[in-house]
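A.B. asks: Chains as they are written, first to last, in my numbering: chain S, 693 to 1014; chain Y, 1067 to 1936.
Check the hints yourself; a few may be wrong.
Stated by the list, open to error - Subject to a maximum C-alpha distance of 30 Å in a straight line, what follows is the list of computed DSSO-like cross-link-like pairs (lysine-lysine):
(1) Y:1283 to Y:1226
(2) Y:1720 to Y:1608
(3) S:1007 to Y:1226
(4) Y:1624 to Y:1605
(5) S:934 to S:901
(6) Y:1287 to Y:1385
(7) Y:1226 to S:934
(8) Y:1448 to Y:1350
(9) Y:1624 to Y:1448
(10) Y:1350 to Y:1462
(11) Y:1283 to Y:1448
(12) Y:1350 to S:934
(13) S:1010 to Y:1462
(14) Y:1462 to Y:1385
(15) Y:1605 to S:979
Said to hold, decoys possible - A few chain Y residues that face chain S, going by a derived Cβ cut-off under 8 Å, partial list only:
(16) 1290
(17) 1575
(18) 1699
(19) 1700
(20) 1704
Calculated from the structure, these hints are not laboratory results.
As the structure is a computational prediction, the values presented were derived from the model and not from experiment.
Even for Gly, the Cβ is constructed at its ideal location relative to N, Cα and C.
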Amino acid sequence: MNMRVLAVLLLINGGVSAIAGERFDIVVTDRAVVQRCVTPGLPRSIAVGMPGGFNYLFDPVRCRLVSVWFGDFLDFRPEATGRGGRPLSPLGVRRNLGTAEVPIRIGAEDRIPESVEFAGYRIEPATGIPTFLFAVDGVPIEQRVLSFGPGQVTIELAFPLPGTQPRLYCMEMTAVEQCEVSDRLAQPRAGLVSIPAGESWAQIRLQLKPTEESFVRQQPTTNGRLLYAMHCMSCHTLDGGKRIGPSFADLWTAPRIVRRNGQLETIVADEAYVRESILQPQAAIVKGYENANRMVDITQTLNEQQIDAVVGFLKNLKPAGT
Amino acid sequence: MKYTPCLLRRFHPAVLALVGVMGGMALSSPAVRAADAAASLTTALRARATAELASTAIQSGDASRGEAIYRRDAIGCVKCHVASPQARAEGQRSIGPEQTAIGNRLSPEQLVESVLYPSRSIAKGYEAFVVLTDAGMVHRGVVVSESPEAVVLISPETGKTTEIPRVDIEEMQPAPSAMPEGLADQLASEQEFYDRIAFLSEPQAGKGGTPITALGKIVVKEVPQPGVLHPLLAVALPNGICYSYDPNACHLVSVWEGPLGWADAAGTVTLNETAAESFFIREKPWRIDVGRVDFDYAWLGHEVDGDEVVVRYRLTDKKQQRVWVVAETLEVRSPLRQQIRFEITHPEGSAEVLTYWLQQTNYRSVSTNGQQAQRNQLEFLKPGQMMFEIDLVRRKRGQVLPLGYAVEQVEGPEPDRPFLFEPTGFSFGEDGSLFVSTRTGQIWRLHNGVWTRFAEGLHETLGVRVAANGRDVYTMQKPELTLLEDTDGDGRADVYRSVANCFRFTGNYHEFAYGPVRNTAGDLFFSTGLAASGHHEAKESKTGQMSSPLGYRGWVMKVDPQGNLSPFASGLRSPAGIGMNADDELFVTDNQGDWVASSYLAHVEEGDFLGHPATLWDRPEYGLTPRQLDYRSVEATVETVPPLDEAAYRAERKPPAVWLVHGDLANSPGNPAFAPASGFGPFGGQAFLADISHRAIIRVALERINGVYQGAVFPFIRPLASASYSTCFSPDGRLWVGSVGRGWTTGEPIIETVSYDDTSTPFEMQRVALTPHGFDIYFTQPVADAVGGDAMTVREFHYLYWAEYGSDRQEVRVLSVEQADLSEDHAVLSLRLPVEAGKVYELDLGYVEAESGAILENNVAFYTVNEVLP
């Protein structure tokens, strides 16, 4: 597979489309965006979205790059609605690059760090790109994660105190197709990069495998009955009772007279009529309701799938008395 | 931020997401505002100040034209708002509140607001909820009662009630106002808008005819009602107060001042009901126990006994046909205070508990001589109780604002969606710039009238504090205390430095963190909340408990100037407010719930245990949590925990400095802000807190007795415009108040400021001091002579410390004041009465006038006694 095809595949799988919920998406434009949040399985997530659709999660507890995804950044709805505080969903297929443990070791691969101290991050004023600051066993480290193309991930490590011990970087390789490292670095085996003592800078360039998974955005509820109760019920009954608008009783069977463009006409509701009534409530008004309150513009509140769900719910209404 | 039991622990993500769209979020969204752009009149009117619209309406609106508009079909007001209480009595159901008396309830500004922004404030009793049950059923309606076991909803449209067992509830969320947006667009002109507001604002008292008043002798009129057997009894009392009683449903209906009504030439009586306040009593209110058996009601008639009317009726139980006879009398002490008395004849040998059912009430307090087991608005009698009394204390209408104080709104910035400007904390820098943290994780700076974004991308920031260098800013994120450094001085943080992160955070939405505050030594303090579910609970309970993952949740944590984090004090539940006074003393508020009888303000010292036992497992004696967590232990949770020694923690618990008396004062308080010595009136050094549920500011005047803090809490301003939460004093002595109100209650995120104009003196109780014999009440203005005596009521009560959600007031007793002396300068009122440690004293002064003629509006204080004087 050539790289171009791979790139296209990755972008498609990243799922750029955001019909639903886009009002709650954190949109990345010309600057990198950092957002701390809960993500599934990682309460202390630091999510980073870069211009161009590259995104990653950083874990400040073990100071590790956890996963990356290509496409849109984050759906913020779980944080910005209701009581908030629910996990945010990355808007793409997450590719794991982090092992479960601290990825950086001082001296030897099997030396579990005594201390890992997250110190925060520095934002580059012009680009918004964060550099994570931390220390492993007292060795200060700065880390940036960048991408220079589809499926490409570059990890940069800087060591302000070059030190006298080698440093090792461990990775999860299942999503990685190819790994290149900067001069003087070695790869003793797949998933392990060795940085010699005294080296103040290291770069690890990864090319990811294409993913078979495709990204499906979590949708807001499409329970038609619930949507009816929340948005329709205060004006439209199901049982023939009269409220602000006409009842939905016998909606699909009983003929009704509507006024369209000033003219009365008799119709039996079909899906097109119901859909029109939701999307353009003023187009055809049931006789007797011409002077009623105008119906609210529900498209401000419900997305297309939700409107479909309401129509679906109405379609399955049983005729009154059965 | 309070965890209420009405929202269950299992959240269906799709439902939550949906409710997010619904839960009022959309109201403040630019997207929605933009959508209005095409709709001309609403947009045009919204662009103008509400006060300006209201004053134009008063000056140039024509109420009679307004009435015609109101009745015009196209506008449709009458479809949802019945014209009058009579119309309601005729059986018309009202989806919205009655409109004709609305001018008595709402100011012209509030009316303008409710037409232009229907969802901003929804009238009490009309806030709808949507409940989704496990079975997939959806119920929508107004909550009429709630208990640990069930929620009862009434549909505003049909009047049907539905009881939903809590175990069946999957999700319950507020629904938006049923009133459509953009109603003004259906008006033909701006003038019509003014006419309509003018019509709505007119007090609807006069109806013509001869006014009926008591003139020294009680007057009782029987007013026929359509469709029912017995006429309504309307009573005018010699004290100028009137009430009505419905014999068909055997309940008091409403009470009002002024004429009883008007009689026309034919003698037909029109009641002055638009001035009336409801009694909030259900139709046919008697039950046996919690309604296992219902009664048939038989009206036996009424008689006038001196200045009172006695009504009699018979209750026959539907199961065994036993008969109770009730004689009911109302004593109207004032428009704000009534007592209902029942004399009950029980059938031979019956030992059942009778209950009397109120509606969801807006009373300041309801107390009885029954079992003190009020639940679901049911008042429980004692078995066989023959004399039953219900004391009702109402709230005054309108806003209470002490003399000399003014409330103003401050225009906030509009962050780009999806971020919102929900102010959770304020801090002022030395250059006068204000930093504001927001719930969606941004820090904004207001400098010289211009808002700029200082930092972003943070995790639910619930507090902010300008650092000692005056340039950098601390903020509390859910997982971390962070220092935001502006190293290049461009007014935006460029280094986000982690200051403290070694406390557990498992991702439960309720694991909030608040602060920091700083003492003069440079120590920082923050507080952490327990999780709502998922971990360890201290004890079995019927109402559910907060849960601890251990790792210092429910603690106050301290960070010393070297950056070392250490546990400082335990026992907190959901400590949504942390503050420090001028003497470096630390105070925390907590929210009512399990082990927290009522919201409180506590003075916190190192090692204190404030009462929530789930926090104790972190203490060293259990060996479960290291004193200092590190990267390996900060996420590790513990499988099992040992039982706790209840006797030990009961004995160890440090009581709050003051209870913020749930119901009366605060249900979900934020942080205490301590007033500067001058600039905010005669309350220097006192604590001011905002409350989300009450939309109110309360005031706390503390004193130390035997070295222990206690004192009095007073209402101060109520209501504010929104669900107020965060408070801070600016260097110029103004109180800044931030409103949030998403998730627990509906509110617009706004900033209000309270300022004091030092040319007027408020008339308030400045403080209450404990004396060896009772209390001294210090006033801010000399009091006119007549204070005390019958007008004053002192009640004593205490709370339970238990695993259940909150506590009712226990053993409420009305104390007789042995002596009330006014000092020579009329500034201090000394009360002589017995005082006990561990009790709360409600000092309700009734009607008090200052020598200046000012009336004491905030006439109640709650004094918490921890220590007594010898």
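A.B. asks: Look at each hint and say if it fits the structure.
C.D. replies: So, going through the hints one by one against the coordinates:
1. Y:1283 to Y:1226: violated (41 Å)
2. Y:1720 to Y:1608: Given that 30 Å is the threshold and the Cα spacing comes to 25 Å, the pair holds.
3. S:1007 to Y:1226: holds (26 Å)
4. Y:1624 to Y:1605: Measuring from Cα to Cα gives roughly 28 Å; hence the hint holds.
5. S:934 to S:901: violated (60 Å)
6. Y:1287 to Y:1385: violated (36 Å)
7. Y:1226 to S:934: holds (15 Å)
8. Y:1448 to Y:1350: holds (20 Å)
9. Y:1624 to Y:1448: Violated, at about 50 Å.
10. Y:1350 to Y:1462: Given pair residue 1350 (chain Y), residue 1462 (chain Y) holds - Cα atoms ~27 Å apart, limit 30 Å.
11. Y:1283 to Y:1448: Since the Cα atoms of residue 1283 (chain Y) and residue 1448 (chain Y) sit roughly 36 Å apart, the hinted pair is violated (cutoff 30 Å).
12. Y:1350 to S:934: holds (28 Å)
13. S:1010 to Y:1462: Violated, at about 50 Å.
14. Y:1462 to Y:1385: The given pair, whose Cα atoms are some 43 Å apart, is violated under the 30 Å limit.
15. Y:1605 to S:979: violated (62 Å)
16. 1290: Nearest chain S Cβ about 28 Å off; hint violated.
17. 1575: Given a least distance of 3 Å, the restraint on residue 1575 (chain Y) holds.
18. 1699: violated (10 Å)
19. 1700: holds (6 Å)
20. 1704: violated (16 Å)
Violated hints, in rising order: 1, 5, 6, 9, 11, 13, 14, 15, 16, 18, 20; the structure is consistent with all others.
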